[in-house]
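Going down the list, the sequences are from chains A, B and C.
Position one of the first sequence corresponds to residue 1 (this note's numbering), numbered consecutively onward.
Position one of the second sequence corresponds to residue 1 (this note's numbering), numbered consecutively onward.
Position one of the third sequence corresponds to residue 1 (this note's numbering), numbered consecutively onward.
Rather than coming from a laboratory, the hints here were simulated on the basis of the structure.
Careful, some of the hints might be misleading.
Claimed, not checked - Calculated pairs, BS3-like style, for lysine-lysine (alpha carbon to alpha carbon, straight line, at most 27 Å):
{"hint": "1", "chain 1": "A", "residue 1": "K155", "chain 2": "B", "residue 2": "K177"}
{"hint": "2", "chain 1": "C", "residue 1": "K59", "chain 2": "A", "residue 2": "K320"}
{"hint": "3", "chain 1": "A", "residue 1": "K155", "chain 2": "A", "residue 2": "K225"}
{"hint": "4", "chain 1": "B", "residue 1": "K55", "chain 2": "A", "residue 2": "K34"}
{"hint": "5", "chain 1": "C", "residue 1": "K117", "chain 2": "A", "residue 2": "K152"}
{"hint": "6", "chain 1": "A", "residue 1": "K370", "chain 2": "B", "residue 2": "K55"}
{"hint": "7", "chain 1": "A", "residue 1": "K152", "chain 2": "A", "residue 2": "K320"}
{"hint": "8", "chain 1": "A", "residue 1": "K155", "chain 2": "A", "residue 2": "K283"}
{"hint": "9", "chain 1": "C", "residue 1": "K45", "chain 2": "C", "residue 2": "K7"}
{"hint": "10", "chain 1": "B", "residue 1": "K459", "chain 2": "A", "residue 2": "K22"}
{"hint": "11", "chain 1": "A", "residue 1": "K22", "chain 2": "A", "residue 2": "K38"}
{"hint": "12", "chain 1": "A", "residue 1": "K283", "chain 2": "C", "residue 2": "K117"}
{"hint": "13", "chain 1": "B", "residue 1": "K210", "chain 2": "C", "residue 2": "K7"}
{"hint": "14", "chain 1": "B", "residue 1": "K210", "chain 2": "A", "residue 2": "K320"}
{"hint": "15", "chain 1": "B", "residue 1": "K459", "chain 2": "A", "residue 2": "K46"}
{"hint": "16", "chain 1": "A", "residue 1": "K320", "chain 2": "C", "residue 2": "K7"}
{"hint": "17", "chain 1": "B", "residue 1": "K477", "chain 2": "B", "residue 2": "K511"}
{"hint": "18", "chain 1": "C", "residue 1": "K117", "chain 2": "B", "residue 2": "K210"}
{"hint": "19", "chain 1": "A", "residue 1": "K349", "chain 2": "A", "residue 2": "K377"}
{"hint": "20", "chain 1": "A", "residue 1": "K370", "chain 2": "A", "residue 2": "K401"}
{"hint": "21", "chain 1": "C", "residue 1": "K44", "chain 2": "A", "residue 2": "K320"}
{"hint": "22", "chain 1": "B", "residue 1": "K177", "chain 2": "A", "residue 2": "K320"}
{"hint": "23", "chain 1": "B", "residue 1": "K459", "chain 2": "B", "residue 2": "K416"}
{"hint": "24", "chain 1": "A", "residue 1": "K38", "chain 2": "B", "residue 2": "K459"}
{"hint": "25", "chain 1": "C", "residue 1": "K117", "chain 2": "C", "residue 2": "K7"}
{"hint": "26", "chain 1": "C", "residue 1": "K44", "chain 2": "C", "residue 2": "K7"}
{"hint": "27", "chain 1": "A", "residue 1": "K152", "chain 2": "C", "residue 2": "K44"}
{"hint": "28", "chain 1": "A", "residue 1": "K22", "chain 2": "A", "residue 2": "K34"}
{"hint": "29", "chain 1": "B", "residue 1": "K416", "chain 2": "C", "residue 2": "K117"}
{"hint": "30", "chain 1": "A", "residue 1": "K152", "chain 2": "B", "residue 2": "K210"}
{"hint": "31", "chain 1": "B", "residue 1": "K256", "chain 2": "B", "residue 2": "K179"}
{"hint": "32", "chain 1": "A", "residue 1": "K225", "chain 2": "A", "residue 2": "K377"}
{"hint": "33", "chain 1": "A", "residue 1": "K38", "chain 2": "B", "residue 2": "K256"}
{"hint": "34", "chain 1": "C", "residue 1": "K117", "chain 2": "C", "residue 2": "K44"}
{"hint": "35", "chain 1": "B", "residue 1": "K477", "chain 2": "B", "residue 2": "K416"}
{"hint": "36", "chain 1": "C", "residue 1": "K45", "chain 2": "B", "residue 2": "K416"}
{"hint": "37", "chain 1": "A", "residue 1": "K283", "chain 2": "A", "residue 2": "K320"}
{"hint": "38", "chain 1": "B", "residue 1": "K256", "chain 2": "B", "residue 2": "K177"}
{"hint": "39", "chain 1": "B", "residue 1": "K511", "chain 2": "A", "residue 2": "K349"}
Since we're looking at a predicted model, the values are computed, not measured.
What follows is the residue order along each chain.
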Amino acid sequence: MRYLPLTDEDRSLMLLRMAADKVDDLFVDIPAAKLLTKNVDLPRAKSELEVERILSRMAGRNVVASSVPFFVGAGAYKHHVPASVDHLIQRSEFLTSYTPYQPEIAQGTLQYLFEFQTQVAALTGMDVANASMYDGSTGCGEAVLMAHRVTKRRKAVLSGGLHPHYADVVRTLSEMSEDAVVTLPPDVAASEDLLASIDSSVSCVVVQNPDVFGNLRDLTPIAEKCHSNGALLIAVFTEAVSLGLVTPPGAMGADIVVGEGQSIGNPLTFGGPYVGLFATRQKYVRQMPGRLCGETVDAEGRRGFVLTLSTREQHIRRDKATSNICTNAGLCSLAFTIHMTLLGEAGLKKLARLNHANACKLADALADVKGVEVLNKSFFNEFTICVPGDAAALVETMAQKGVLAGVPVSRLLPGDAGVRSLLIVANTEVNTDEDRAAFVSALRASI
Amino acid sequence: MLNNQGRPTQPGEAQAYTPRTFTSNRALQMEEALIFEIGRPDTSGVDIEDAGEFKPRLGGMERNGEIGLPGLSEPEAMRHYVRLSQKNYSIDAGLYPLGSCTMKHNPRLNEKMARLPGFADVHPMQPQSTVQGAIAVIESVAHWLMELTGTRAVAMSPKAGAHGEACGMMAIKAAIKAKGEAATRRVVLVPDSAHGTNPATAALIGFTVKAIPVGPSGQVRVEDVRPLLGPDIAAIMLTNPNTCGLFEPQIVEIAKAVHEAGAYFYCDGANFNAIVGKARPGDLGVDAMHINLHKTFSTPHGGGGPGAGPVVLSDRLAPFAPVPFVRRDGDALRLVEDEEGTQAFGRMTAFHGQMGMFVRALSYMLSHGSDGLRQASEDAVLSANYIRACLSDLMSLPFGNRPCMHEVLFDDEWLKGTGVTTLDFAKAMIDEGYHPMTMYFPLVVHGAMLIEPTESESKASLDLFIATLRDLAFSAKRGDTARFSGAPYLAPRRRLDETRAARNPVLRWTKPEAVLKAAE
Amino acid sequence: MSTRYTKEHEYVRVEGDTGTVGITDYAQGQLGDVVFVELPEVGKKFGQGEQAAVVESVKAASEVYAPVSGEVVEVNSALEGAPATVNEDANGAGWFVKIRIANAADLDSLMDEAAYKAYCDSL
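Just chain A, same shape as in the assembly:
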């Protein structure tokens, strides 16, 4: 077995050293009746070549995003990632190291986390950010729990523009922790009256911007009403690139910002691993979940970095911890920070503008298709269209014509008959004029 360096001779010598006859002498604590005497009923070891064959065959049964005109978004986005990002994250010292518990020999990880935290804080317009969460949706659940700790209230209000899966994650967690959740109905037109739901019993309001349907929202009035009622505003985003062009939540009064960072640096990978971004105001930092990296000095006075404020965390606070989170999304946050550093301020703004310009072109082209209506007044790189008939069936038909057209809202909100003709369409810098033309002609041919 190529991964196991011990030889049979080594094993015998080692057993001899501990005066054991056979390796099972070391498994004495396992009840004899439960000790397996033969291999589990699974295939035997395989060579690299054999494994490559099997997995390549499985990979070959998927339609690759880059191989077709591709407009699927709704929480995960196809962007171009520079080749250097993937090369760097595969450096042994990043890939095969543990959480930086020994700061003297983990300054590489710690410094990039410090840089990552600063980038996320700047991007969101907030004071501080943590070293990442699992993904945007779980970060959203954690944000609600944090708001409950800060306000000592236990009722969250979820906007109808919040990604339905994010809302599901919050509802599941809240049901378990026995906290109240009010979910507003799906709000395709961004016209809901959130203000009416805010009173002094509310802990937090969760609003997504751009929302799941692609609309841009001004969060300022919501923040004001939240604050006058002692509640917190949690702002969510699923498309990090939007922050290069759109007013950041920090400038609109958000108290906690959570988002999905996949767009920057990370491939689609069928939904994970991604990277959750989490930022807040300085005064709430001790209520934050997750790891935090801070600056300090070493015994010789040189600048260095450590994990800090650990007393919030499970390994010290146990059942009184702010969260049970342990592992975060280390390598995905590294991919994020490298890509962001490569883009820089100028690159990010340019990228965001290109995304928006491309989406505008697509919206114009689709508005010309008979029977199709673009529902958004405003958007970044994603919007919702209304099609004749069933959007899910249309997506299947178009897939057979070699175009991946978007996400039918009915997939996110199963059982809601009111959304069956709605389709969420994303358009990033990867889409060309030819892609858009292919979309339009496949759409025309399918409705």
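On the provided structure of chain A, position chains B and C as indicated by the hints.
Relative to chain A, chains B and C alone:
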């Protein structure tokens, strides 16, 4: 032409001299500034096509002003991150004996497979007909996990170990609710030796935590559990093999007692790597157990994630598994995303779990096979016991010199009177080129040192590690405290001031005041 | 004025009906560098033995329990910016809260200085 510039080709006499360098660099070990100190807002390492003129449709929500993001060209970025990387220890560079963390070799085949476009470049919300291969990967990993654990259900979506714990405990809470006992069964039993995530998870799900004392052998005894069981107990959370590196010998009796009391048995599977192919948790009476794919199945730790934490479930909990899950419809595979018509307790995350980690884990499983997985467990246990046998004359074992599982636990009894602490000893290991073992955990042992060598070390590597620890131990006992008290001396940084970091947290870079003033 | 001690190493210094509560010098020595103190709000009421504050070092968080029942009349907000005061002067400037003592009889269950010293020596 005669070359009359002949230069010396022998090293000459060695001199004792430590130069102070102008750059503070030490040859290959480079100091590196922050990107905010070396980058510029107008520099970019990515060439992006110009969008040209168009009418924006942002509804007046355009961002104004500077964001504060520095940029680097590609060569500058390469240098920055390569230099940072060189300040990190890694498994690829050396033995990484962090107990309970399982720092085993990460096969590069797994990385290559995860990067196949058919896996890396597919969207979670593509029509299911276009991702049958991806769903098949989820189903295959699930099949392996169920076979290896002797269970018939697994929730694949949890994103890491602690997330898996939450998932398992949610399934338990849902099952309790379904029996109409939600109001009464509110207490979860957790031994003092547990990982901090266990009590934190139980509290997260709205349970209160009651501690189980750990017996004198470092193991939980059924007679200590029985008196705690009653109609108020929802579940017990046990780690097996436990955090002292020992298998719980009474696990079957404990499971039986827990079930008879109407409660559930959650097993923390962080140490499953010791028993893969040797025993199946399902056979032992476990109702739910998360599996850290980044430990047992060697998806890389990546400096703190991403992990993956699928949870195997007993038949009693299976109906409550969260969406999405895979169903087979004839030849086709289907991801069930709609809770309607199921007893699913809800949803753990936006999409389908850590696909990238599933591919790596499957690559690892296929490579090892049932025979290799079993051999890996045996080698991991053998290596830990070899270290125990070779150090037990010098270092003290809190529970006696008896076989352990995949990790061996020492305490600091043997350091008494030397002036050297567990922390000092660990830091001195850094100078010797080793990552320290897990220290001060589990909490039930004073000055704990938990060593997990894994199956990835050759005998020569283990022998050198043992010889190094013996040399350090002799040194400590001889009173050579200077080797320890200021260690590490040779790492990129000396010990860091954690008090300062916590008293005045600096969690982000800010522009130096002089720059701000000048800008005004 | 007299000072009384708990087994959890809190002290209460009694002046009239007010008790000044902090952690003992022994406790600060065990904790190591104090990095943060979480204090209750003025007006909050505690029963004897209820959690009143949290004191954190780098690697530990310890609960501080009210040695006597009563209402918080003042908190030492200076600790917020200078948690090291707890290490430097636990019995003096490093106090946590002042409590209006609800039930003077609570003091009877606590140790006096001599008893507390003997207790620490026994640990």
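Do the hints match the structure? See the list:
{"no.": "1", "hint": "K155(A) <-> K177(B)", "verdict": "21 Å, holds"}
{"no.": "2", "hint": "K59(C) <-> K320(A)", "verdict": "15 Å, holds"}
{"no.": "3", "hint": "K155(A) <-> K225(A)", "verdict": "16 Å, holds"}
{"no.": "4", "hint": "K55(B) <-> K34(A)", "verdict": "71 Å, violated"}
{"no.": "5", "hint": "K117(C) <-> K152(A)", "verdict": "40 Å, violated"}
{"no.": "6", "hint": "K370(A) <-> K55(B)", "verdict": "23 Å, holds"}
{"no.": "7", "hint": "K152(A) <-> K320(A)", "verdict": "15 Å, holds"}
{"no.": "8", "hint": "K155(A) <-> K283(A)", "verdict": "21 Å, holds"}
{"no.": "9", "hint": "K45(C) <-> K7(C)", "verdict": "21 Å, holds"}
{"no.": "10", "hint": "K459(B) <-> K22(A)", "verdict": "17 Å, holds"}
{"no.": "11", "hint": "K22(A) <-> K38(A)", "verdict": "15 Å, holds"}
{"no.": "12", "hint": "K283(A) <-> K117(C)", "verdict": "40 Å, violated"}
{"no.": "13", "hint": "K210(B) <-> K7(C)", "verdict": "22 Å, holds"}
{"no.": "14", "hint": "K210(B) <-> K320(A)", "verdict": "13 Å, holds"}
{"no.": "15", "hint": "K459(B) <-> K46(A)", "verdict": "24 Å, holds"}
{"no.": "16", "hint": "K320(A) <-> K7(C)", "verdict": "22 Å, holds"}
{"no.": "17", "hint": "K477(B) <-> K511(B)", "verdict": "49 Å, violated"}
{"no.": "18", "hint": "K117(C) <-> K210(B)", "verdict": "32 Å, violated"}
{"no.": "19", "hint": "K349(A) <-> K377(A)", "verdict": "22 Å, holds"}
{"no.": "20", "hint": "K370(A) <-> K401(A)", "verdict": "19 Å, holds"}
{"no.": "21", "hint": "K44(C) <-> K320(A)", "verdict": "21 Å, holds"}
{"no.": "22", "hint": "K177(B) <-> K320(A)", "verdict": "24 Å, holds"}
{"no.": "23", "hint": "K459(B) <-> K416(B)", "verdict": "31 Å, violated"}
{"no.": "24", "hint": "K38(A) <-> K459(B)", "verdict": "26 Å, holds"}
{"no.": "25", "hint": "K117(C) <-> K7(C)", "verdict": "11 Å, holds"}
{"no.": "26", "hint": "K44(C) <-> K7(C)", "verdict": "23 Å, holds"}
{"no.": "27", "hint": "K152(A) <-> K44(C)", "verdict": "15 Å, holds"}
{"no.": "28", "hint": "K22(A) <-> K34(A)", "verdict": "18 Å, holds"}
{"no.": "29", "hint": "K416(B) <-> K117(C)", "verdict": "25 Å, holds"}
{"no.": "30", "hint": "K152(A) <-> K210(B)", "verdict": "24 Å, holds"}
{"no.": "31", "hint": "K256(B) <-> K179(B)", "verdict": "19 Å, holds"}
{"no.": "32", "hint": "K225(A) <-> K377(A)", "verdict": "24 Å, holds"}
{"no.": "33", "hint": "K38(A) <-> K256(B)", "verdict": "26 Å, holds"}
{"no.": "34", "hint": "K117(C) <-> K44(C)", "verdict": "31 Å, violated"}
{"no.": "35", "hint": "K477(B) <-> K416(B)", "verdict": "9 Å, holds"}
{"no.": "36", "hint": "K45(C) <-> K416(B)", "verdict": "45 Å, violated"}
{"no.": "37", "hint": "K283(A) <-> K320(A)", "verdict": "20 Å, holds"}
{"no.": "38", "hint": "K256(B) <-> K177(B)", "verdict": "21 Å, holds"}
{"no.": "39", "hint": "K511(B) <-> K349(A)", "verdict": "21 Å, holds"}
Of the numbered hints stated above, those contradicted by the structure are hints 4, 5, 12, 17, 18, 23, 34, 36, listed in ascending order.
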